[in-house]
Structure formats: C-alpha cells, structure tokens
Amino acid sequence: MFDEMFGTDENIREPYRQYQDWFKSEDAARLHKKSAESEAFFRRTGITFNVYGREEAAERLIPFDIVPRVISAREWSRLSRGIEQRVQAINAFLHDIYHRQEILRAGRIPAELIANNDAFLPQMIGVSPPGNIYTHIVGTDIVRTGEDEFYVLEDNARTPSGVSYMLENRETMLYMFPELFAQIKVREVNDYPAKLRRSLCASAPPACTGKPVVAVLTPGIHNSAYYEHSFLADQMGAELVEGHDLRVVDGRIAMRTTRGYAPIDVLYRRVDDEYLDPLSFNPDSQLGVPGIMDVYRAGGITIANAPGTGIADDKAIYSYIPEIIEFYTGEKAILKNVPTWRCAESDALAYVLDNLEDLVVKEVHGSGGYGMLIGPAASKRELAAFTKKLKARPANYIAQPTLSLSTVPILTKKGLAPRHVDLRPFVLVSPNRTEITPGGLTRVALKEGSLVVNSSQGGGTKDTWVLEE
Amino acid sequence: MFRQLERSENISRLLDAGFRIALTRSSAAESEWASVVATTGVKQLYEKKYDQYDAANVIDFLLRDKTNPSSVISVIEGSRNNARLVRTALTREVWEATNECWMTLKALLSSPVRTRELPEILSTIRHQSALVRGALHGTMLRNDIYDFARLGTFLERADNTARILDVKYYVLLPSASFVGSSMDNVQWETILRSVSARGAYRWHHQGEISPISIANFLILSRQLPRSLAFCYAKIMDNLTYLEEDYETRHKCHDLAKTVRSRLKQTSIETIFEDGLHEFITEFIRDNIALGAQIEKDYRFNG
Chain S
1 MFDEMFGTDE NIREPYRQYQ DWFKSEDAAR LHKKSAESEA FFRRTGITFN VYGREEAAER
61 LIPFDIVPRV ISAREWSRLS RGIEQRVQAI NAFLHDIYHR QEILRAGRIP AELIANNDAF
121 LPQMIGVSPP GNIYTHIVGT DIVRTGEDEF YVLEDNARTP SGVSYMLENR ETMLYMFPEL
181 FAQIKVREVN DYPAKLRRSL CASAPPACTG KPVVAVLTPG IHNSAYYEHS FLADQMGAEL
241 VEGHDLRVVD GRIAMRTTRG YAPIDVLYRR VDDEYLDPLS FNPDSQLGVP GIMDVYRAGG
301 ITIANAPGTG IADDKAIYSY IPEIIEFYTG EKAILKNVPT WRCAESDALA YVLDNLEDLV
361 VKEVHGSGGY GMLIGPAASK RELAAFTKKL KARPANYIAQ PTLSLSTVPI LTKKGLAPRH
421 VDLRPFVLVS PNRTEITPGG LTRVALKEGS LVVNSSQGGG TKDTWVLEE
Chain L
1 MFRQLERSEN ISRLLDAGFR IALTRSSAAE SEWASVVATT GVKQLYEKKY DQYDAANVID
61 FLLRDKTNPS SVISVIEGSR NNARLVRTAL TREVWEATNE CWMTLKALLS SPVRTRELPE
121 ILSTIRHQSA LVRGALHGTM LRNDIYDFAR LGTFLERADN TARILDVKYY VLLPSASFVG
181 SSMDNVQWET ILRSVSARGA YRWHHQGEIS PISIANFLIL SRQLPRSLAF CYAKIMDNLT
241 YLEEDYETRH KCHDLAKTVR SRLKQTSIET IFEDGLHEFI TEFIRDNIAL GAQIEKDYRF
301 NG
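Heads up: the protein sequence lines correspond to chains S and L, in order.
Using our numbering, read the first sequence as starting at 1 and increasing by one per residue.
Using our numbering, read the second sequence as starting at 1 and increasing by one per residue.
Hints may be right or wrong, so weigh each one.
[Said to hold, decoys possible] Computed footprint of chain L on chain S, listed as stretches where at least three residues anywhere in the stretch have a Cβ under 8 Å from a Cβ of chain L:
id : segment
1  : 180 to 189
2  : 300 to 306
[Unchecked claim] Under the rule of at most 25 Å between Cα atoms (straight-line distance), these lysine-lysine pairs were calculated in the BS3-like manner:
id : chain 1 : residue 1 : chain 2 : residue 2
3  : S       : K447      : S       : K413
4  : L       : K106      : L       : K49
5  : L       : K48       : S       : K33
6  : L       : K106      : S       : K34
7  : L       : K48       : L       : K66
8  : S       : K24       : S       : K185
I should point out that these hints are in silico values taken from the structure, not numbers from a laboratory.
Heads up, the beta-carbon is just placed ideally off N, CA and C, and yes, glycines get one too.
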C-alpha cells in the first residue's frame, strides 16, 4: 500500500517533509482542539450539504481533516498535462458526436453505444455551442496507487461539484494555521471564482452585445449542493436564479428582477439535462425554463456545461477514452484509465460474474457512490443479488478491479493514521484557454480500510496543496 | 470614543489584508507591512523603534504597543476611559459593551500575539467593536450625543479610507509598467479587503476589477459604507441635526458642505486628470481641519 506521506517504507516523502517537521513540533492537544474548531468554522460559514433519503439530517457537515494532502510541483505538472489533454479530447469528441460522428464512421467506438445511450441528446445534433465549448467546467477524478501511478477514475463533464470545498478548506487552513503558509510555499486557489467568471464570459453567445451577464441556475435550497451554488454566485458577483425566475423574453432568457426582466447571457446551470427544459426533455420538470433549448439553438444564451455532455463521461464511454484521445489529438493518453470490463460484452460479463468478489461494479449512469457493489466488502447475499441484476441488464454495468488506492494520514485520537483518498482537480475551458486550478478537492474515506470516499457515504475532505516549484 | 473604536476596527482590517499578502506572496511581505504602518499614520514612530518591517514587530506595534497612541490597545483603553468620563451620556448597554470590549481585548493582548493566533484575534476585535455599535444603534436616544458619536465614527472612517488610498494610490494609476500584472491584481484586492469591500465590489462590478472603478468605488460610491462620499453624506446629516437642535450654524457646517459638494459634483475621471494623489492629500487635510473645527465650534476643549 502506498502512503503519500510515508511512501511504502515509512520514509517521509519529500513533498511532506516540511509539513512533518512542523507537525512533529506541534502539541497534540492543540491540534485536536484545532480540529474540533474547524467544525465550528464550517458551521458558521454554513457550508453544509443535504443527503437525499435522510429526513432527520437536513444539514450535515462534511467532516474536514486538518492534515493537508500535498502534491509536488513535478507531480502536478504531469497531472495537469494529462488532464488538459483529456479535457480537450472530450470537447473534440462531443463536437464530433453531435455533428459528423467521424469516430463512429471510423469504427473506433461501437455506434450502438451512442444510439442506445440515454446520455446522448438527439436535441443537440447539429447544434454548435458558443465558442464551440461543451465542457466549460470539468472535475476529473483521479486516484493514485504508487509513486508514479495515477489513474483517471471518472471525467465528470456534466455539473461537477465540490469546488466550494476546495476554496473553503483552504480558507479554513489559512485561518487556523497561518504559520504553515508562511513556511511552506503553497500555490493559491482563491482566484478560481474570478477565473470561472472570466472563462464563462469568454464563451458568451452571439446575442450578447455588452458585458456578459452571468447567472447560476440552482434547483433550489433543498438541493444537496445548494451551498455551493450560492457560494459560487456570490464569489463571482453573479445572480443566483431558479427556474421559476426565468422566462423567454424577445428570444432571450431573462430573469425576474425588481426592475423588470433582464436578459442573461451565460447560464452556469447546476440542473441536470433532463430537467433543463420541460418542452424538450422531462415535461414534468419544475426546475428548468420552458423554451430555453430553442433560445440556445438560436445563439441567444450560453448554457454551461452544454446539454448532452453526459455522453462523454458516461461510464460505458469511459473505457474508450484512451481511443478517443488518440483519435482527436494523435497522442497517447498521458494519464491511464482504470482497466474496465464492459458488461455489455459477453466475454467481459462472464469474467465479471466469475470474479465478482474481487471487483467493483458500477452502474453506467450512477453517481455519488449510489448503486455500486464493492466485491471484497460485500456479503454473500449482496453478491447474489448483484449477480441477478447483472444478468438482467448487463449493459447497465461496468466492472473494475479494486485498486489499492493511495492513503494520506488523517488525525485520529491515536495520532496519524492512513486513510484512502482520491482527488478532483477543477478545469476551466474557454475558447482561449484551458486552466487547471493548482489544487482540488481531496476526498478521504474516514473509516479504516474503507475505499468509499463519497461524502454521501460518510467520506471527508482535506485541503489539497500543490507546492510551488 | 467612537472615533477610537472605529480606529481599532480599521487597524484590524488593515492587518488582516496585510497578513494575507504576507502569507501568500512572501516576496511582497516587507513592503506590505511598511504600507500598513504608513496607513495608520505612525511610520515615524515605528521607524524610531525598529529597523525593519517584519510581521512580528508590526503586529506587536499595531496591536499591543502602548507607546503607539494608535495601537488597538491604546485606542480601546482611550475609548473606554472616555466612556467612563461621559458614562451618564451613554445607555447602560453601550457602556457595558464598551467595557466588555476593553476587558476582552486587554486579556487577549496581554501577551505577545503569535502569528498563528492572529486571524482569530483580528476577528475578535471586529466583533467587539460591532457589539458596541449595535448597542449604540439599538438603545441610544437620537440626540446630540448620538450625533457626536456618529461624527467621530465617520470622520475616522473617512480618514482611514483616504489614507489607504494615499499609501496605495500608485497601484491605481494607469501606468504602463503595472497594468495587468498579477501583482497589481493582488494589490487591488488588498485595497478592497482592507475596507471589507471585496464582496460588495464584486457585486457592483460583476467580477471585473480595474483601478479606476476601485478608486471610484472607494471615493465616490454612495452605497459603500466606507467610501469618502458616504462618510460625508453621514457627516452632513449629523451636522444638520445638530444645527437644528442648537439652532446655530457654525463654521464647521460650511467646511463640511464644501467637501461634500466637491465629492458630489466631481467624477472619477476628473479626479484622475487633476491628480489622484493631490485629491487625496487635500481631502485628508480638509478632513482633519473639519475635525478640529467641530471640536472648536462645540467647545470640546473648553
């Protein structure tokens, strides 16, 4: 097992050396006190989230661990090159798949994988989004298994969340341990909202004549990520709107204000495709704006991310990303994919059924750790139930080996103890540039040995430090 | 006393902004600390005592040093002493909040402040000051005493905002060598941070940051509670109430009116054309003169 602080042999790894020097000189009682204080800090900021299906806990805090996750400048440079390559290939793929579909004609991806996929939106065929950008914001999930072993777990090209934690975790650390930042040179993340705004404005639609008006579309106060929606709107100086605040006025999307309806140029929407427009998608949706897709097609508004980007981060497409990168960039993928069995293929299904107790099985369209099976941790009964599901709808699943995820220590009552982590850096794409904020969201499984880092399943977060050169 | 209370709050904001730069941009730390000290107007005193600007010295000097009449501990002590002198003029709640502010900060600042405690201490200073202000708003009669309390607050606040601009005006000038550099962005952000107006500015200008609009915001905005124009609108209000109450118009009324009209009639473009620095220098001079005139007209010193 690879620990990012202590390596494999209890020798401190270079990126953590300065931190460890500080840590050793600190009084344990003070650190525990600080750790408890951090909770009060988050409560005061109001950075809470809601868990679906749990009435009694309407507002919960994601546990925060005060030991940072540290990434060296060298590691970061490789990661960011790999992520940039991936994100650019995904944008090229999306444009292609909604236009000429060259990649299908070349036989690099089976056509039925697209045609039978719910994430593929026929309404987007032939539509070119402003600036030709599909994924304005991407949150690439990355896991590590060794010194130089990084894998991309998911591409999150729809509406990735968690960036508010990246920012608030840093603020909390700056507040609690200012002296650390005086000693260790950590790259800043706090200009993310300004960059997000700039990036969104750079993709303004043809109908925008003056300074672009940006708004954040939230499903509302009951959404699990509502805090983040309000936070980003506030930090960008953009309006926070819900579907019922918006309507079509003179071929534009306009928001209700105290001075009448005012047109919006760029809508950063945190509402899923399905609910975006009851006239085009789910007719029962109360969260969207009737007619927004027509305005979009006519160049009256930028929707970020574009509708239909889900086809690129679909778990069935995921296994083809290395081919997608080669097809559009002519380069080999810098970051590896996790080996994936597509259960739609009969050989793969047979292998998966035979080795279920060693594999992780995921729903193709699932997210947030819901509806997945972790073979090694599952009971006989769970395995049997999942076998049935697999046989009934094989195309609905993919399987991957259980990776030995790297660990980073957390502070426990008994001192430092290793826990598994993943990493979600945030990428901004505009017609002029692709920017990756040096840092990201590190999620950490708080239970010993657990591999599930999702906050909805009891995971926590850490501040993520990218060191300066 | 409200003048002093306002000052403690402003020092806390300035230190907060300076500390932030020092943490995240170590190369700029020394010059940042120097400008924090210059902004509080105690540069000479500081340089008599210390040879260089480092975090520990500046923090100690501005928070705890009793030989510095503008340090937080000095102004809070002064504020509390003044409150005792005029105890009968204050409501019980205002007096208790002031006294508690003093007790809390005295205990907090009794030993040298370590860097790692600074953020917490600075936020306590602002909290305590907010409590006194809240008690004032909620319980005091709107009589001449209240008017004088408000005059003190806004004279001090205007002075502070003007001094921030005075020390930092060069980063707001459209000089070719600076434009667009990331250092500039940090400096502009510090200016906004030191008047707690980062969020407000973001809203007002939809995220776009430019020196001329920052200057406009801090000098001429009628909405920003720490802008020069806002402070003078309030000063004018309170002086007018006094005029009505006492049925006497003094020289200070005319003085304030002149400054206010200048802020109302000018535009930021004109200010830049005529020279931002000259404008600020003149403003600071007039503001001091107005303070002195009010003291004279209302016989504060016998």
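Going down the list of hints, with the structure as the test:
{"no.": "1", "hint": "180 to 189", "result": "holds (count 4)"}
{"no.": "2", "hint": "300 to 306", "result": "violated (count 0)"}
{"no.": "3", "hint": "S:K447 - S:K413", "result": "holds (13 Å)"}
{"no.": "4", "hint": "L:K106 - L:K49", "result": "holds (23 Å)"}
{"no.": "5", "hint": "L:K48 - S:K33", "result": "violated (40 Å)"}
{"no.": "6", "hint": "L:K106 - S:K34", "result": "holds (23 Å)"}
{"no.": "7", "hint": "L:K48 - L:K66", "result": "holds (15 Å)"}
{"no.": "8", "hint": "S:K24 - S:K185", "result": "holds (19 Å)"}
Violated hints, listed in ascending order, are 2 and 5; each of the other numbered hints is respected by the structure.
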